[in-house]
Amino acid sequence: MPIPAPHGGKLQDLVARDVSERQHLLDQIAAKQIKTLKLTERQLCDLELLLNGGFSPLTGFLNQDDYNSVVNDMRLTSVSDETTAKGLLWPIPINLDVSRDTAAQLSVGDKLALVDLRDEKPLAILIIESIYKPDKVLEAKKVFRGDPDHPAIKYLNETAGEYYLGGSLKGLDYPRHYDYVNLRKTPAELRKEFAQLGWDDQNIVAFQTRNPMHRAHRELTVRAAKDIGDKGHILIHPVVGLTKPGDIDHHTRVKVYQQILKKFPDGLATLSLLPLAMRMGGDREALWHALIRMNYGVDHFIVGRDHAGPGKNSKGVDFYGPYDAQELLQGLQDELNGKIRIVPFRMVTFLPDEDRYAPIDTIDTSKVKTANISGTELRQRLRDGTEIPEWFSYPEVVKILRDTNPPRSRQGFVIIINNSSTAKGDHLAFALQSSLNQFKGGRRISKLNEKYNDGFIINELVKSGAGVILNATTSFKDVSDIVGSANSIVISNDKEDQPNFTLNHDDLSVTLKSIIERLIEEGFLNSDSIY
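Heads up, the sequence shown is in UniProt numbering, so the first residue is 1 and it goes up one at a time.
Misleading hints may appear alongside valid ones.
As the list claims (entries may be wrong) - With a straight-line cut-off of 30 Å between C-alpha atoms, the simulated DSSO-like cross-links for lysine-lysine are:
id, residue 1, residue 2
1, Lys10, Lys142
2, Lys477, Lys451
3, Lys424, Lys315
4, Lys86, Lys121
5, Lys312, Lys141
6, Lys255, Lys312
7, Lys495, Lys154
8, Lys244, Lys315
9, Lys170, Lys192
10, Lys231, Lys192
11, Lys170, Lys111
12, Lys424, Lys447
Unchecked claim - Here are the computed distance ranges between Cβ atoms for each label pair:
id, residue 1, residue 2, range
13, Lys32, Asn493, 47 to 57 Å
14, Asp478, Asn211, 43 to 53 Å
15, Arg17, Gly523, 54 to 64 Å
Keep in mind that the hints were calculated from the coordinates and are not lab data. Even for Gly, the Cβ is constructed at its ideal location relative to N, Cα and C.
With these hints in hand, go ahead and build the complete structure from the sequences.
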């Protein structure tokens, strides 16, 4: 199957190629003849994929008509599908959200320079076509199913601006990256690479991921390539924009992908990074991912179980059903036929007696011994420093994960003493520092006062493996939030602080002993490692 046409038939390239036109726009910005807007991280990701054609057929941020149609019907009004005469499929609204104050300073027809938040470099000019106040309740319900715990709905309600701007873009430059530059391929670059590899008349299946890959992922992608034909190939296409809060950082993941790539047969797979800001939108997002891969020149796409779902809400209920994404895309397969085909994710399991992986739906688990390690168990093994078997992951991958997820004995921690609720906080801090320095292992123990009550700095110390004792007299919630409860201990006599320990005024040694025992119990300290 030849490389498919981009979604809508044309690969958009919105960066101005006319040097004089581009310079004229930059001069206008420098002379402050054009207003500027500094983009958020999400907006920056969206802009990059608008400019390079990853979001084809979009030529800018959605105007009000397109926005309403996408929210209600998953279709554009401005672009039609030639075969169905319906609006072209597009499931996720791409909006430029701004505050009420910013919207009040703008008018339809204005030009607005969009600026990189990192270096304040102008990246594009938006010609404003509409300024509108969206129905966020409707957007939350239609696009993300309305659960207030959904991360995209939280973003919508707590972070996104009150108004949306829509209009076409005149690109000035792409956002600049300084990491893995050779792996950040645009749709045009990746299509060219496929042709150079001789894949342009062969089938290519894309694998989307925001997690590290292990042996099972290698197995299922190789099987997917075989399933799509004798000349199937694989594009490993991980997201390195914004993913789910708490995900492993993209630097660690890219190092893993580079190692995994070496484990595929020569000529079978290639790797490219996608600067996407995920919404964790389940079935709608799965369709979005498939359309984006069409633009990158891929004709098959693996859709996983609970694809792009954020997991469970605060009540333990799944936001999406396990096969909602597959069912939505299968229902649209007639419309997508000849463009991109869906490959359902086939879960594989390890058979220890046969030393191989096999699709779980081909195994009678009542008769055949299987083995698996869940994500929770993997994290526990990393924390404890216990063995991760080679049948589960490659040693090179495990080493990378251990380097960035050291066992508890090498992790840092922060002990926060609310000194406003107790007069003996200073005494306890001194006692803790002296006691903790008895333990072997080389961990630095830093005692900080209120002057250094900074969540970012303390988190960096903790990430480096230090033990931090913070004697705080003002709010310290940002510290415990940034560091995380797993690496924080709070000592306070104020119940509102939700302390782990209260301070025994009569005998500091009681509190001191309890804290040391807690650190030993959780693996930060070894009771046998006192000098």
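Checked hints:
1. With a CA separation close to 28 Å, the supplied pair Lys10 and Lys142 stays within the 30 Å bound.
2. Straight-line distance between C-alpha atoms of Lys477 and Lys451 comes to about 15 Å, which keeps the hinted pair within the 30 Å bound.
3. Of the pairs offered as hints, the one joining Lys424 and Lys315 is violated, with about 40 Å between alpha carbons and a cut-off of 30 Å exceeded.
4. Simply put, Lys86 and Lys121 have alpha-carbon atoms about 39 Å apart, too far for the 30 Å limit, and the pair is violated.
5. For the proposed pair Lys312 and Lys141, the alpha carbon gap of about 17 Å is at most 30 Å, so the pair holds.
6. With a C-alpha separation of about 29 Å, the suggested pairing of Lys255 with Lys312 holds against the 30 Å cut-off.
7. Pair hint Lys495 plus Lys154 holds up; C-alpha atoms about 28 Å apart against a cutoff of 30 Å.
8. Restraint check for Lys244 and Lys315: the C-alpha separation of about 18 Å stays at or below 30 Å, so the hint holds.
9. Between the alpha carbons of Lys170 and Lys192 the distance comes to roughly 24 Å, so the proposed pair stays at or under 30 Å and holds.
10. For the given pair, Lys231 sits about 18 Å from Lys192 by alpha-carbon distance, which is consistent with the 30 Å threshold.
11. Proximity of Lys170 to Lys111 is assessed by CA-CA distance (about 10 Å); at most 30 Å being required, the pair is judged to hold.
12. The suggested pairing of Lys424 with Lys447 holds, with an alpha-carbon distance near 15 Å, which does not exceed 30 Å.
13. The hinted range of 47 to 57 Å is satisfied by Lys32 and Asn493, whose Cβ atoms lie roughly 55 Å apart.
14. At roughly 28 Å, the beta-carbon separation of Asp478 and Asn211 lies outside the given 43 to 53 Å, and the hint is violated.
15. Roughly 58 Å separates the CB atoms of Arg17 and Gly523, a value that falls within the hinted 54 to 64 Å.
Hints 3, 4 and 14, counting from the list given before, are not met by this structure.
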